[in-house]
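S.K.: I would like the entire structure built from these sequences, with the hints used as guidance.
Residue numbers (the working numbering): 64 to 380.
Hints may be right or wrong, so weigh each one.
Said to hold, decoys possible - Quick list of in silico lysine-lysine cross-link-like pairs, DSS-like style, CA-CA up to 27 Å: (1) K135 <-> K224; (2) K179 <-> K204; (3) K318 <-> K356; (4) K330 <-> K318; (5) K194 <-> K135; (6) K224 <-> K263; (7) K316 <-> K330.
Treat the hints as calculated values from the structure; they're not laboratory data.
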Amino acid sequence: MSGVAGVVVTPHARATGAGSKAMTALLRELHAEGVALSTLYPATQPIYRRLGYELAGVRTGYRVPVGACELKRQPGTLRPAPEEEQLFDSLARERAKQANGHLERNGFFWRRLWGKGDDTAFRYIIEVEGKPAGFLIYRTKRTEFPLQDLLVADWWAANDKAARRLLAFFGEHRSVGANVQIFGAPMEPLLFCLPEQKWKVDTRWEWMTRIVHLPAALQARGYPVMAELEIELDITDDVLADNQGRWRLALEKGKGRVTRGGSGRVKLDIRGLAALYSSALGPSDLARLGYLKAGVADQAALAQAFAGPAPWLPDFF
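M.R.: Right under this line is the structure:
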């Protein structure tokens, strides 16, 4: 996946199509390199939709009062771990296997999370029964003296004990803590551990994805292991001609194999494929929006193939 950020057109060249031309050139270059996907946080949507991007997931920020996290002392520990970068990466990869939309982070993203100098983050490994079961990376921000907010850059709790220990850790800041600002899934399981709904959604940023190289994208995606079926696609893509036309997607043992051909009875716009691919929208939603034309049986096959949890990202770029 290629993340796109900082798309800017100089003021005197705006409204001339320069942005579209630059992005089209980028997409063609990425396609030639075999890059499967492109993802971005849009400042505006119309230009990216014309280029084949579509809404595909969300970054949701929650504000939780520290007082709402006052759970009884929970088993487990939070161990300072300022130097164990590989362990953080390993735990983040385990989280990514259970989610849709997460990045395989490189050093750039991790360095941003760690920070440096006065902006260095606190880093903890959550241990349950002596084994790593999650992590916490956070900073503090002074609000009204003596209170401060806990700004969580990233976190993970692999089981209920780790989740409750993490929340109890937040609650232990009640003498000086005001709120916890934390990013999570659209329906975040961690919040189910709180006794009351004292939290609120603080920010919500949708991101867009583009299928750049169709065979590479469909073959890189994971699928339900029990889904053994074939889907015969007819793709419309006005920007990347190599994606256009008829494709056969065959699923077996959680893997997808893509070849040219087939009847093309499942007609799908490249934008709709992006939303389907990420599990942001199902086939019935796409059909109502006009992105998809398919019979009942084919819609059921698509629903089975592209089933998954709601897509979200903890990262911003």
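S.K.: Determine for every hint whether it applies to the structure shown.
M.R.: Hint-by-hint comparison with the structure:
This hinted pair checks out: K135 and K224 have alpha carbons roughly 12 Å apart, not beyond 27 Å. A distance of roughly 16 Å separates the Cα atoms of K179 and K204; the hinted pair therefore holds under the 27 Å criterion. For the hint pairing K318 with K356, the CA-to-CA distance comes to about 25 Å; that is within 27 Å, so the pair holds. Restraint check: the Cα-Cα separation between K330 and K318 comes to about 22 Å, which is no more than 27 Å; the hinted pair holds.
Taking the CA atoms of K194 and K135, the gap is about 21 Å. The hint holds against a cut of 27 Å. For the hint linking K224 to K263, the alpha-carbon distance of about 23 Å falls within 27 Å, and the restraint holds. Between K316 and K330, the direct Cα distance comes to roughly 25 Å. Compliance with the 27 Å bound is thereby established for this hinted pair.
Hint violations for this structure: none, all hints satisfied.
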